[in-house]
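Turn these sequences into a full structure, and let the hints guide you.
Letter by letter, the chains look like this.
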Amino acid sequence: MRDQFQSPIVLLGARLLSPYIMVFGWYVIIHGHYSPGGGFQGGALLAASLLLIRVAGGSKLAELQIQEFATTPLAVIGVVIYFATGLVAMAAGGYFLDYEALPIPGVEPDWLRYIGILIIEVGIGLAVMAILVMIYDNMVRGEDYA
Amino acid sequence: MKALKILILVLFAGILIYASSDLPFRGDPDNLMHAEESITGTTVKGNYFIQNAYRDTRTPNMVTVVLGDYRSIDTFGEQVVIYTAGLITLLVLRRSRRRGK
Numbered sequence: 001m002r003d004q005f006q007s008p009i010v011l012l013g014a015r016l017l018s019p020y021i022m023v024f025g026w027y028v029i030i031h032g033h034y035s036p037g038g039g040f041q042g043g044a045l046l047a048a049s050l051l052l053i054r055v056a057g058g059s060k061l062a063e064l065q066i067q068e069f070a071t072t073p074l075a076v077i078g079v080v081i082y083f084a085t086g087l088v089a090m091a092a093g094g095y096f097l098d099y100e101a102l103p104i105p106g107v108e109p110d111w112l113r114y115i116g117i118l119i120i121e122v123g124i125g126l127a128v129m130a131i132l133v134m135i136y137d138n139m140v141r142g143e144d145y146a
Numbered sequence: 147m148k149a150l151k152i153l154i155l156v157l158f159a160g161i162l163i164y165a166s167s168d169l170p171f172r173g174d175p176d177n178l179m180h181a182e183e184s185i186t187g188t189t190v191k192g193n194y195f196i197q198n199a200y201r202d203t204r205t206p207n208m209v210t211v212v213l214g215d216y217r218s219i220d221t222f223g224e225q226v227v228i229y230t231a232g233l234i235t236l237l238v239l240r241r242s243r244r245r246g247k
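Quick mapping for you: the protein sequence lines, in order, are chains A and B. Per the numbering used here, the first sequence starts with residue 1, numbered consecutively. Per the numbering used here, the second sequence starts with residue 147, numbered consecutively.
It is possible that part of the hints are untrue.
Residues from chain B that keep clear of chain A, each with C-beta distances beyond 10 Å, as calculated [said to hold, decoys possible]:
1. 154
2. 156
3. 158
4. 162
5. 168
6. 174
7. 175
8. 185
9. 193
10. 195
11. 196
12. 206
13. 215
A few chain A residues that face chain B, going by a derived Cβ cut-off under 8 Å, partial list only [to be verified]:
14. 74
15. 75
16. 77
17. 99
18. 111
19. 113
20. 114
Hint data in this document are derived by calculation from the structure and do not stem from the laboratory. Just so we're clear, the structure is a prediction, and the values are computed from it rather than from any experiment. For every residue, glycine included, the Cβ atom is placed at its ideal position computed from N, Cα and C.
Have a look at this one:
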């Protein structure tokens, strides 16, 4: 079972594609203000780049990229980024998730909303990426071939 | 029987194509959903987002503004739903080490 699926061609193709998919995922997240995209779509692309290495190379190789115990804290960090943005805005005198009240000095209110949307999109992307990888890791646990 | 299936499929495709010919053109400013007043005379709520999305947030993508700013609590709920789904897989699929030994 061990050597049955290992193919250097598949592994090389996955290694070639994975960084570009990851860069494109970050592009979709960050450029979501100007083009179709956003946190959910970009997070799915980031998870695709990580899962490609996991499927092609097995869990031993994937540990070099992102380790299994790190996925749950990353998901929590993604949710906490979103919630903390709303909470900081509320503590600074606005409503919950009212980005106008974010305490960043020297920025106009409309550009504060721009920055607030960017922060929460990054949080959504992190959480979606970590959770998709976490689901895969939990499903293949103990039945990995490499 | 197979001919009947194909006939039903073609019939439904014809109905859908006929119905799609009556849809409004995409991006036409005269569309009903872009109007300030609906047919019944009430104001259209989505009109506010079309007129003020760029002025409020300096973001050209209106969908991102609605998703991340005007409806941000809804998006937060979506994220919590995905997070809960991940935690459920953690509970259901992860084998405990004590049982394995």
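Do the hints match the structure? See the list:
1. Residue 154 of chain B, annotated as away from the interface, keeps every beta carbon of chain A farther than 10 Å; the closest lies near 35 Å.
2. Against chain A, the non-interface label of residue 156 of chain B holds: every CB pair exceeds 10 Å, the least being about 33 Å.
3. No Cβ of chain A comes within 10 Å of the Cβ of residue 158 of chain B; the nearest lies about 30 Å off, and the non-interface call holds.
4. The Cβ of residue 162 of chain B lies farther than 10 Å from every Cβ of chain A, with a closest approach of about 25 Å, so its non-interface assignment holds.
5. Non-interface call for residue 168 of chain B relative to chain A: holds, since the shortest CB-CB distance, roughly 26 Å, exceeds 10 Å.
6. Once the 10 Å rule is applied to beta carbons, residue 174 of chain B is consistent with being away from chain A; the minimum gap is 20 Å.
7. Separation of residue 175 of chain B from chain A is adequate, the least Cβ-Cβ distance of about 21 Å exceeding the 10 Å criterion.
8. Its beta-carbon lying about 31 Å from the closest one in chain A, residue 185 of chain B satisfies the requirement of being farther than 10 Å from that chain.
9. Separation of residue 193 of chain B from chain A is adequate, the least Cβ-Cβ distance of about 20 Å exceeding the 10 Å criterion.
10. Look at residue 195 of chain B: its CB is around 13 Å from the nearest CB on chain A, clear of 10 Å, so calling it non-interface holds up.
11. Non-interface call for residue 196 of chain B relative to chain A: holds, since the shortest CB-CB distance, roughly 17 Å, exceeds 10 Å.
12. The claim that residue 206 of chain B is not at the interface with chain A is violated, since a C-beta of that chain comes within 10 Å of its own (minimum 6 Å).
13. At roughly 6 Å from the closest C-beta of chain A, the C-beta of residue 215 of chain B falls inside 10 Å, breaking its exclusion from the interface.
14. Checking residue 74 of chain A against chain B: minimum C-beta separation of about 11 Å lies over 8 Å; hint violated.
15. Nearest Cβ of chain B to the Cβ of residue 75 of chain A: about 6 Å, under the 8 Å cut. The hint holds.
16. Checking residue 77 of chain A against chain B: minimum C-beta separation of about 11 Å lies over 8 Å; hint violated.
17. Proximity of residue 99 of chain A to chain B holds as hinted, the smallest CB-CB distance being about 7 Å (cut-off 8 Å).
18. The closest approach between the C-beta of residue 111 of chain A and any C-beta of chain B is roughly 6 Å, which is under the 8 Å cut-off, so the hint is satisfied.
19. For residue 113 of chain A, the suggested interface contact is upheld, since its CB lies about 4 Å from the closest CB of chain B, less than 8 Å.
20. At about 5 Å, the closest approach between the beta carbon of residue 114 of chain A and any beta carbon in chain B falls short of 8 Å, and the interface hint on this residue holds.
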